[in-house]
Amino acid sequence: MSSEATSTAALAPGGADLRTEEMLLNMGPQHPATHGVLRVMVRTDGEMVLDCEPHVGYLHRCFEKHCENVTTLQAVLYTDRLDYLTAMGNNWGFCMAVEKLYGPELVIPERAQYIRVICQELNRIASHLLAIGTYGMDVGAITPFLYCFREREKILTIFEHICGQRLNYNYIRPGGVAYDVDDAMLALIGDFCSYFLPKIDEYDDLLSGNDIFVKRTANVGVLSAKLAIDYGCTGPVLRGSGVPRDLRKDKPYGIYERFEFDVPVGSGEHGTVGDCFDRYMVRVREMRESTRIVRQALKSIPGGEIRSAKIKAKIRPPKGEAFTRIENSRGDLGFYVVSDGKEVLYRVKCRAPSFHNISVLPEISRGSMLADLIAIIGSLDIVLGEVDR
Amino acid sequence: MNMDSGTLVEWVLGSDAGFWWRLAGVATAWALPITLWVSLVGLISIWLERKISAHIQCRLGPMEVGPHGALQTIADGVKLLAKEDLIPEGADRMLFALAPILAFAGTFVSFAVIPFGPDLIISDLDTGLYFLAAIGSLEAIGVIAAGWASNNKWALFGSVRAATQVVSYEIPLGLAFVTVAAVAGTLSMTEMVEQQSGMFWNWYMFRNPFMPIAFILYYIASLAECKRAPFDLPEAESELVSGFHTEYSGMRFAIFFLAEYAAMYVVSALAVVLFLGGWYTGIAPLDQALSASPLWGNVVGALVIITKSFVLIFVQMWLRWTLPRIRLDQMMHLCLKVMVPIGMFVLVLAALWQALLPYEGAVANHKPLFPAVGSIAGLAIFVLLTVGAWIWVRNTIRATTSFKSANYRI
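Just so you know, the protein sequences line up as chains F and H, in that order. Position in the first sequence (from 1) plus 217 gives the number in the working numbering. Position in the second sequence (from 1) plus 1051 gives the number in the working numbering.
Since the hints were made in silico from the structure, they are not lab data. There could be a bad hint or two in this list.
In silico DMTMM-like cross-links for lysine to aspartate or glutamate, where the CA-CA straight-line distance does not exceed 20 Å [said to hold, decoys possible]:
no.	chain 1	residue 1	chain 2	residue 2
1	H	Lys1388	F	Asp428
2	H	Lys1204	F	Asp268
3	H	Lys1204	F	Glu239
4	H	Lys1204	H	Glu1221
5	H	Lys1204	F	Asp467
6	F	Lys443	F	Asp467
7	F	Lys566	F	Glu538
8	F	Lys317	F	Glu560
9	F	Lys529	F	Asp428
10	H	Lys1204	F	Glu327
11	F	Lys432	F	Glu264
12	F	Lys566	F	Asp605
13	H	Lys1204	F	Glu270
14	H	Lys1204	F	Glu238
15	F	Lys529	F	Glu560
16	F	Lys317	F	Asp467
17	F	Lys432	H	Asp1380
18	F	Lys317	F	Asp557
19	F	Lys317	F	Glu327
20	F	Lys282	F	Asp467
Derived contacts from chain F toward chain H, CB cut-off under 10 Å, selection only [to be verified]:
no.	residue
21	Leu384
22	Gly426
23	Leu444
24	Ile446
The C-beta atom is built at its ideal place from N, Cα and C for all residues, glycine as well.
Could you build all of it, start to finish, from the sequences and the hints given here?
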């Protein structure tokens, strides 16, 4: 436990009188609310959290080393397992880094670009659905979880039709995408968008507008913009703190500059800017924005090739190094790759957003209640596959 | 009581049986049917909970065992019976074994004063309501003991939360009881129901403008009493793993489970007796037609009271699968800072109303066909509260839509 841990005077206005014996509580790695194998050591005084320290690494499986020992094409498969709820984004991020090695003369076909955007945004919706559903469960509402899964199931079915997989897609490959999407499938995606938007209103009715939910999340786990930036938080966690930073807008990759969409930021609707409610609401609004992007992409998707002819089946990236970032559903996903011209990459480094987001947990959970700690972990929406890599 | 178990026991054992034999005989004669009834209530409500939650969540729920999974609970019960009896190392073994029994006993004994019909009550105590309030708290002791004996930090958290919850909800609960007692002028369950005969506006709930509020107070407090969402803090699945019964498995867990569902029935049946007319349907001619003979009256009465109770149980389940859980400090705030003052006011005002405008319906054999002033006001307040709550919920939802600010053009 860190020494500058607590100032309990702030917790109990009465001073030392209210302090009782401290208890060290081990939460996880097997705990229903830690979203995987996160282990948090919590120092508590009754229900009060004095300090907590996340212990990560239970899911460490040498992702980077694996990627340096298999061919580039095989490495794409390993990226699926990072943030397994947004595997499309992981694929894309890695492939973008590999494509950057080829330099500007490598042009990704238009159709592949559109398919990538559609898949990534659908996957973002699926990921946020899970985040919102499990968040409801963290604060005790079980039903929204099932509703969210009902919608997520539809997206996963679409992905299953597109690439044969429901979770680990291995679909976006260097130079394009693996398979083409037929018109019937595009129509199905369009149908999904029309079906999905009214459902968000239902979540608003059931969860966002629920007074108990608002009271449980507003003013809880307040993450100031400065703290978020200091800790390298990205994605909805950073935007929840009121910082309008989205790589799709700020440093557009792919073809994102062609689409019109807003970047929702937390505004402290019910409490302070950067509380759990803001982070939750940013995700809900992002689902609307993603639907918007998908609809625009569906309208203007061209025909043609889906893979660049410049990248052969046997991928040998040219010598050099490249770093790229994409806006994944949990934040900036960065890939740094070094190639020495062989089929196997020399070095792969992954900058995973969840790892940085979870690091802020002790700062924002000090002095909260134990129940708040669960709500805060849920609002950070971590995926341990990505934290531990 | 015309179903006097004493005579039955005497008939079986002979009139010269010793005191202890007679005691054992009377206990068996009543404990056996109540045990069966508690088990049946458990079976039905667990099945109902699974089906209701499933349908709320767009699922089917259990479908395999029996028609629509009706026998699933029995299968689960057999499974729990066959499970290993696990006591964690370092646990207080005696307390660990005693806790589920304590928790169950509190609920079980409550059935002694809950009526099923005009004559279908085990013991029509003059102090029925008082007895219930006292014995109802016993369950909490079992829960606290369970968490303490488990030698598990999560269980300890659960039991401390249970203790906190008890001291919070018991006061508004007691205030609601006292309000009813002030209006009824009796603590006997059957007498209270008798006073609510006639049309539904004779029910205590509509007796005067403050009784609807007392009912809402009672209902919220009763949710907390049986640890149902949004007051399921002692269990708090997502926070405390399983709370006080984290370490319990097999039959001991089943007993906790059964106690919880039996408690749901007890608080619902009590709400029916205290506020919703007990075994009366609320339509005077119908009641007269149905209670032609005493036996028939008892059968219909039991059906009415059970139906009303299960409607309230359904509402409990509905709430559980809709609402998130509130936090410990919010629960204490709600119970102690909101419900207690309201309960105080309601008690004083209801008692004043009763003193100044005694209810003519309360006089025996005088059942007016038209509601009294108090009933009209009570009905009006009830409707107002319902509409007000609806508008309030609508407004909260509208104030918090993700669609609000940005310039969406989808």
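Right, here's what the structure says about each hint:
1. For the given pair, H:Lys1388 sits about 18 Å from F:Asp428 by alpha-carbon distance, which is consistent with the 20 Å threshold.
2. With a CA separation close to 17 Å, the supplied pair H:Lys1204 and F:Asp268 stays within the 20 Å bound.
3. Between H:Lys1204 and F:Glu239, the direct Cα distance comes to roughly 12 Å. Compliance with the 20 Å bound is thereby established for this hinted pair.
4. With a C-alpha separation of about 26 Å, the suggested pair H:Lys1204 and H:Glu1221 falls outside the 20 Å cut-off, and the hint is violated.
5. This hinted pair does not check out: H:Lys1204 and F:Asp467 have alpha carbons roughly 47 Å apart, beyond 20 Å.
6. A distance of roughly 19 Å separates the Cα atoms of F:Lys443 and F:Asp467; the hinted pair therefore holds under the 20 Å criterion.
7. Annotation: proposed proximity of F:Lys566 to F:Glu538 holds, straight-line Cα distance about 11 Å (limit 20 Å).
8. Distance restraint check for F:Lys317 and F:Glu560: the Cα-Cα separation of roughly 16 Å lies within the 20 Å cut-off, and the hinted pair is therefore satisfied.
9. Of the supplied pair hints, the one linking F:Lys529 and F:Asp428 is violated, its CA atoms being roughly 57 Å apart against a limit of 20 Å.
10. A hinted pair counts as satisfied when its Cα atoms are at most 20 Å apart, and H:Lys1204 with F:Glu327 does not qualify at roughly 58 Å.
11. For a cut-off of 20 Å, the pair hint linking F:Lys432 to F:Glu264 stands: about 18 Å separates their Cα positions.
12. For the suggested pair F:Lys566 and F:Asp605, the alpha carbons sit about 13 Å apart, so the restraint of at most 20 Å is met.
13. A C-alpha spacing of about 18 Å is found between H:Lys1204 and F:Glu270, which places the hinted pair at or below 20 Å, so the restraint holds.
14. For a cut-off of 20 Å, the pair hint linking H:Lys1204 to F:Glu238 stands: about 14 Å separates their Cα positions.
15. With a C-alpha separation of about 11 Å, the suggested pairing of F:Lys529 with F:Glu560 holds against the 20 Å cut-off.
16. For the suggested pair F:Lys317 and F:Asp467, the alpha carbons sit about 19 Å apart, so the restraint of at most 20 Å is met.
17. Simply put, F:Lys432 and H:Asp1380 have alpha-carbon atoms about 11 Å apart, close enough for the 20 Å limit, and the pair holds.
18. For the proposed pair F:Lys317 and F:Asp557, the alpha carbon gap of about 14 Å is at most 20 Å, so the pair holds.
19. For a cut-off of 20 Å, the pair hint linking F:Lys317 to F:Glu327 stands: about 17 Å separates their Cα positions.
20. Pair hint F:Lys282 plus F:Asp467 does not hold up; C-alpha atoms about 31 Å apart against a cutoff of 20 Å.
21. Residue-level restraint check for F:Leu384 is violated (minimum Cβ-Cβ distance to chain H is 21 Å; threshold 10 Å).
22. Proximity of F:Gly426 to chain H holds as hinted, the smallest CB-CB distance being about 3 Å (cut-off 10 Å).
23. Interface hint status for F:Leu444: violated, as the beta-carbon distance to the closest one in chain H is roughly 23 Å, over 10 Å.
24. Using the Cβ-Cβ criterion of 10 Å, the hint placing F:Ile446 at the interface with chain H is not satisfied: the shortest such distance is roughly 23 Å.
Of the numbered hints given earlier, the model fails hints 4, 5, 9, 10, 20, 21, 23, 24; all others are met.
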